[in-house]
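Chains U and P are the protein sequences, given in the same order. Mapped onto my numbering, the consecutive letters of the first sequence carry residue numbers 427 to 540. Mapped onto my numbering, the consecutive letters of the second sequence carry residue numbers 4 to 117.
It is worth saying that the hints were derived from the structure and are not from the lab. Only a predicted model underlies this, so the values are computations on that prediction, with no experimental measurement involved. Fair warning: there could be bad hints in the mix.
As the list claims (entries may be wrong) - List of simulated lysine-lysine pairs, DSS-like, C-alpha gap at most 27 angstroms:
#1 Lys482/U to Lys105/P
#2 Lys70/P to Lys39/P
#3 Lys486/U to Lys503/U
#4 Lys486/U to Lys105/P
#5 Lys47/P to Lys25/P
#6 Lys105/P to Lys478/U
#7 Lys44/P to Lys25/P
#8 Lys55/P to Lys70/P
#9 Lys105/P to Lys503/U
#10 Lys486/U to Lys44/P
#11 Lys44/P to Lys539/U
#12 Lys43/P to Lys539/U
#13 Lys47/P to Lys478/U
#14 Lys105/P to Lys494/U
#15 Lys25/P to Lys503/U
#16 Lys44/P to Lys70/P
#17 Lys70/P to Lys482/U
#18 Lys39/P to Lys74/P
#19 Lys503/U to Lys44/P
#20 Lys43/P to Lys74/P
#21 Lys494/U to Lys47/P
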Amino acid sequence: GDSVTQMEGPVTLSEEAFLTINCTYTATGYPSLFWYVQYPGEGLQLLLKATKADDKGSNKGFEATYRKETTSFHLEKGSVQVSDSAVYFCALSDGSSNTGKLIFGQGTTLQVKP
Amino acid sequence: DTAVSQTPKYLVTQMGNDKSIKCEQNLGHDTMYWYKQDSKKFLKIMFSYNNKELIINETVPNRFSPKSPDKAHLNLHINSLELGDSAVYFCASSQPQTTNEKLFFGSGTQLSVL
Chain U
427 GDSVTQMEGP
437 VTLSEEAFLT
447 INCTYTATGY
457 PSLFWYVQYP
467 GEGLQLLLKA
477 TKADDKGSNK
487 GFEATYRKET
497 TSFHLEKGSV
507 QVSDSAVYFC
517 ALSDGSSNTG
527 KLIFGQGTTL
537 QVKP
Chain P
4 DTAVSQTPKY
14 LVTQMGNDKS
24 IKCEQNLGHD
34 TMYWYKQDSK
44 KFLKIMFSYN
54 NKELIINETV
64 PNRFSPKSPD
74 KAHLNLHINS
84 LELGDSAVYF
94 CASSQPQTTN
104 EKLFFGSGTQ
114 LSVL
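Just chain U, same shape as in the assembly:
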């Protein structure tokens, strides 16, 4: 079945460092890809998405490009802030049905130190 694999965390960075969180997927069909963020004590929020190959999603300085050839959707940010500390989830939609179901990766915890 479809699946998503993320790099293991925690990822610990200093403020203003460059961030990459790797995400790869396996899927039949043509899924949409997402990054969700979960701040402490809260539910998940959509950070960005891409719906087809070579699309780039971007939001709040984060970006990710849908790479069909490498089945990847890596999350990047040029300069992280302490406020970016959270758990980041890569996800894909089930493109063959219309249920709205998302399959999530295992989450990557990011800790940014001042």
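Chain P: place on chain U using the hints.
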């Protein structure tokens, strides 16, 4: 106004008890979900309802019974609670056909079974 609200936020109970978690969304969405997040942050779908009709049931023990009295509500009842049920349960909603699969999450219910 909170878009997706679930209650209670925390639930501590003894093994063998029966408990319910309530969820309401005011977004007018047709589809609602329950996700379970384990202690390692892994997030997995449990159920999905579309307009009060069950459309996804992901190999969940039948001690878990979702109930959707109307499309704005999806409650989760758990019978005979076990230690392994301890987790954070997230309710979510979406309108797959119109909001491009974006899920809106509640803030979660942390269930602790003692």
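Hint by hint, which ones does the structure fall short of? Violated hints: 15, 17 and 20; rest satisfied.
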